[in-house]
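Each chain is listed here by its residues.
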Amino acid sequence: MPLDKIGIAKRIAKEVKDGYYVNLGIGIPTLVANYVPTEINVEFQSENGILGMGPFPFEGEEDPDIINAGKQTITTLPGASFFDSALSFSMIRGKHVDLTILGAMEVSEEGDIANWKIPGKMVKGMGGAMDLVASAENIIVAMMHVNKAGESKLLKKCSLPLTGVKCVKKIVTELAVLEITPHGFKLLERAPGVSVEYIKSVTEGYLEVEGLIPEMEID
Amino acid sequence: MISKKVNSVQEALSGITDDMIIMLGGFGLCGIPENSINHLVKMGVKNLTCISNNAGVDDFGLGLLLQKKQIKKMISSYVGENEEFERQMLSGELEVELIPQGTLAERCKAAQGGFPAFFTPAGYGTEVADGKETREFNGKMYVLETAFDADFAIVKAWKGDEAGNLIFRGTARNFNPCMCGAAKITIAEVEEMVPLGGLDPDCIHIPGIFVQRIFQGERYEKRIEQRTVRPAKTAL
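Chains A and B are the protein sequences, given in the same order. Positions 1 to 219 (the numbering used here) are the ones given, in order, by the first sequence. Positions 1001 to 1236 (the numbering used here) are the ones given, in order, by the second sequence.
Hint data in this document are derived by calculation from the structure and do not stem from the laboratory. Please read all numbers here as calculations on a predicted model, not as lab measurements. C-beta atoms are modelled at their ideal positions from N, C-alpha and C, and glycine is treated no differently. Wrong hints could be hidden among the right ones.
[What the hints assert, rightly or not] Covered by chain A, according to a simulated footprint, are these stretches of chain B (three or more residues, beta-carbon under 8 Å): (1) 1013-1022; (2) 1025-1031; (3) 1041-1050; (4) 1190-1204; (5) 1221-1228.
[Stated by the list, open to error] Straight-line Cα separation of at most 25 Å, DSS-like style, residue types lysine-lysine; simulated pairs: (6) A:Lys121 / B:Lys1222; (7) A:Lys156 / B:Lys1140; (8) B:Lys1072 / A:Lys124; (9) A:Lys157 / B:Lys1042; (10) A:Lys95 / B:Lys1132; (11) B:Lys1222 / A:Lys117; (12) B:Lys1159 / A:Lys121; (13) B:Lys1222 / A:Lys124; (14) B:Lys1140 / A:Lys169; (15) A:Lys170 / B:Lys1140; (16) A:Lys166 / A:Lys124; (17) B:Lys1046 / A:Lys117; (18) B:Lys1132 / A:Lys166; (19) B:Lys1132 / A:Lys117.
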């Protein structure tokens, strides 16, 4: 059975390692914070200028001066720090952030990503996404395998305007965990009960399948 | 001590005229110079080019200037959450230049620090790099971006003193420090003006040399854009 959004977030949470500084994008990536094992130490960075982000505040304790990049009220954890936008992007471009998790509209088999613009539609902007994907050593994309029209979002070449080139390392969808290799999308894991043939049928880019593909372990 | 203090928002914003390029601090509605924006609406200056990460919401922040059609061009990284903005953008009344957020911050910093331009990896291989010089350093490609050239920078700080020294609070810091000294004239509005000596020199975020005019804002609404909470703690 394909995963739901929470399932995707839970699977990605397993990629978060002890000692990591992590930047989470808006949407499914934000949910990842809820499933990181409590026994490891991780700090979340939000590009509007906070490191050591905590959960949402209790009702009545919201502070308009303390928000995340999604403009949501949040809290800080002990050891947190605030900084300006330039320093924030020094952390990002300077490769000090260990892991970036973000959503995408399309990913190509070479690791190109498109996630900010659909020609002909209202364009809201790239925000910090272009800076994030340009430098991060470890980028995981959280997204659905196909779009609303049922078309593959894992392509030979992206059709939408790009956010960054050759940057994505790993993708977690409701169907599979895939890694970008010099050959294309390498299938690492499949969602429980989802067949390799089915994943192949909804992956337009080259899908590399080597040996038996294990099912994802969630929870 | 060189005094930067002015007594009113009117005095602080004097000299801003039609067609100018203005930087405004803030991220979403957090840390925006509310009092100055409200006064720009009153002044009725038109054809402004605004450099700001976002464009406010319909009835708050830069959205107020958009409602009055005072903005000719927005230079931002993200402009969602604003219907009037969308309408003006799609009808072609409003020119919009979208640039990566880190590039936006660094173009301010470059202007502040005297760099005409810099190379960044952000946007390489995308339409953001169209028409720009690119260069390889150590096997990686970079895009040449230039410093902003603005007439005024308007920032908001938490506390300040007569010398123009500023301290910001929480994530209301964001682009504000980057914009100080990044335009010909920097105006700082603060929630609280403290007496000289009231700020610890070790804790000042922006030294007064980067600020030409400082005043205490009359009123701060500090609107929250996305109020997200956990259920209230119950008494034990």
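> According to a criterion of three or more residues whose C-beta lies within less than 8 Å of a C-beta of chain A, is the segment 1221-1228 of chain B covered?
Replying inline: holds (count 7)
> How about the segment 1025-1031 of chain B: do at least three of its residues have a C-beta closer than 8 Å to a C-beta of chain A?
Replying inline: holds (count 5)
> Holds or violated: are the alpha carbons of Lys1132 (chain B) and Lys166 (chain A) at most 25 Å from each other?
Replying inline: OK: Lys1132 (chain B) and Lys166 (chain A) at ~20 Å, within 25 Å.
>> Tell me if the straight-line CA distance from Lys1140 (chain B) to Lys169 (chain A) falls inside 25 Å.
In response: Holds - the C-alpha atoms of Lys169 (chain A) and Lys1140 (chain B) are around 17 Å apart, at most 25 Å.
>> Between the segment 1013-1022 of chain B and chain A, are there enough contacts, at least three residues with CB-CB distance under 8 Å, for the coverage claim to hold?
In response: Since three or more residues must qualify, the claim that chain A covers the segment 1013-1022 of chain B is violated, with 0 doing so at under 8 Å.
> If you look at each residue in the segment 1041-1050 of chain B, do at least three have a Cβ nearer than 8 Å to any Cβ of chain A?
Replying inline: violated (count 0)
> Does the structure keep Lys170 (chain A) and Lys1140 (chain B) at a Cα separation of 25 Å or less?
Replying inline: 21 Å, holds
> Would the pair Lys166 (chain A) and Lys124 (chain A) pass a check requiring their Cα atoms to be no farther apart than 25 Å?
Replying inline: Given pair Lys166 (chain A), Lys124 (chain A) holds - Cα atoms ~24 Å apart, limit 25 Å.
> Holds or violated: Lys1222 (chain B) with Lys124 (chain A), Cα cutoff 25 Å?
Replying inline: Roughly 23 Å between the alpha carbons, so the hint for Lys1222 (chain B) and Lys124 (chain A) holds.
> If you draw a straight line from the CA of Lys1222 (chain B) to the CA of Lys117 (chain A), is it 25 Å or shorter?
Replying inline: 30 Å, violated
>> Run the distance test for Lys1159 (chain B) versus Lys121 (chain A): straight-line Cα separation, threshold 25 Å.
In response: 42 Å, violated
>> Tell me if the straight-line CA distance from Lys157 (chain A) to Lys1042 (chain B) falls inside 25 Å.
In response: 50 Å, violated
Checked against the numbered hints listed earlier, the structure breaks hints 1, 3, 4, 6, 9, 11, 12 and 17; every other hint is satisfied.
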